[in-house]
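Residue numbers (the working numbering), protein chains in the order written: chain A, 32 to 301; chain B, 7 to 256.
Be aware that a few hints might be false.
Said to hold, decoys possible - Chain A is faced by these chain B residues, among others (derived, beta-carbon under 7 angstroms):
hint: 1; residue: Arg24
hint: 2; residue: Leu66
hint: 3; residue: Phe105
hint: 4; residue: Leu195
Claimed, not checked - Okay, the calculated beta carbon distance ranges per label pair:
hint: 5; chain 1: A; residue 1: Thr61; chain 2: B; residue 2: Thr37; range: 36 to 44 angstroms
hint: 6; chain 1: B; residue 1: Ser73; chain 2: A; residue 2: Val241; range: 30 to 38 angstroms
hint: 7; chain 1: B; residue 1: Arg132; chain 2: A; residue 2: Gly223; range: 39 to 47 angstroms
hint: 8; chain 1: A; residue 1: Thr298; chain 2: B; residue 2: Gly72; range: 41 to 49 angstroms
hint: 9; chain 1: B; residue 1: Glu113; chain 2: A; residue 2: Leu179; range: 40 to 48 angstroms
Please keep in mind that the hints were generated in silico from the structure rather than gathered at the bench. Bear in mind the structure is a predicted one, so any value in this text is a computation, not a measurement. Glycine residues also receive a C-beta, built at the ideal position from the N, C-alpha and C atoms.
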Amino acid sequence: MRRGARIALIIAQRAFDSVTRSRALLALATGYTFAILGFAWASRGGGYLALSMNLLTPLEVLVPLVAVAVGYRSILDDRLRGELDVLGSYPLAGRTYVLGTFLGRAAALLVVVVVPLVIAMGTVLLFRIERISVLATHATADSPIVYLRMVVLTAAFALVALAIAIGISALSASSRGGLAVAVVTALALVIGLDLGVVAGLAADVVPADVLDVLLAASPLSAYRGLVFELAVGSVAPRAVSGGIDPVAACGSLTLWAVGSLSIAADTVFR
Amino acid sequence: MNSDGTDDTSVLELRDVRKSFGDVTVLDGVTLRAAADSVTCLLGPNGSGKTTLLSIVAGLLDADGGSVERRDDTGRVVGYLPQRPAFRSRFTVQETIEFYGRLVPAEVDVDGILARVGLDGVADRRVEHLSGGMTRLLGLAQATVGSPSLLVLDEPASGLDPQLRRHIASVIADLATDGTAVIVATHDLVATDRIADEVRILDSGSFVASGSPDALRAETGTDSLDDVLDTVIERDETIGVRSGIGGGDG
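Only chain A is shown next, with the shape it has when bound in the complex (with noise of 0.2 angstroms):
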């Protein structure tokens, strides 16, 4: 293994025992647990479908809460406390640490978020009324592979909502500077960029033709659009849709993913 590989595996062992080992981590998760298997409930009986479309609005709240709070403090406690001073003086590079971070802090992330995912998927094989549901078509069968293609474009968006949580954890300066920014950039994500399009569209500056674009430039929407094209949307009828293009929310994820973690790596040793 390279050493640039294993030192990253290194960090991202630590960062994992760092979160894992905290009581609010424990605390973070069986409140979110919670409210999952609380709506899980809330639509037993209903198949894989029905939970897939009860849970898609809370996870668009909760996963970015979850992944700022398991994030925005990776790199900044480090700063505070002036241990990024004493990693600065190893051989170590900044994308090799804040990778390390990332990896380390997503392996737990993706525990908290998609262990209840599955285990609300109980509700349905406990309380389902039919066994097979059918929609429309002979071709819209309910299946759990419509379930766990929700879980898994789930735990990439809470991925990406972490790489974020992270580049505004190297930007910060103060503890409290880290929590406003990271409380605003949660806003932006669950709202504030949906509600910028809506506004334009609504002011005629942006164009209705190039709509499906500039909704997947929000990691929100790029993840609901994503749910209704290729989870929801595969067994629901037409008119079930994302309203934007798969390959630019992939993209427009996969961006702002990239994007943050860089702007963490360049800015984490400064």
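Fit chain B to the known structure of chain A by using the hints.
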């Protein structure tokens, strides 16, 4: 002696280093050389530029002008102890040094490092349960990980009791062996007298005196480093050289 004025024992060469923060000049033409197996103590009032100088020496801050050359013959060039070392909580002393040890190419003897600073008895203690002095010792242990040829220590004993200060001073003296140069910013004049091969007095961003403790006492006709400081810095002020500039604590 090499053609550039250095010799083979030279671990660090700073020439005419300048640094400003906005309109405030913190370092103004500082030249410094550190030789292997030596301890150089930087003395000076708060705000004289010691911490800024150490940050530049450690490679954490870029100088605005001048040159900085460090001997680059190991995986880790500079070991750095910040003024207020702090470590990630929920990890033990052993885990902390093991982590840093895995960042350097060479094999690291974690037990040996902890024994050298006197922390071998608390290896399993979590860092948040260490006293201030023990945390400083852990910082010192961390600075030595990877056997860097240059150690930069920023006030390693400030705020500690006399016994611990003596212990840290003897650890520092012990570190200046096997080709290692140690540069220490300190206000501890007793320790300076004990361990310094060379004393550099920094005031308002420039060195105003340098030499061994004995040489400085002889030059100023005083009996203690305390009096040397008073004399040198007072003399500097009376001839109207910069005063009251500098940033941070150092």
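query = Of the numbered hints stated previously, which ones are contradicted by the structure, given in increasing order?
reply = Numbers 1, 4, 5, 6 and 8 - these are the hints that the structure violates, sorted from lowest upward.
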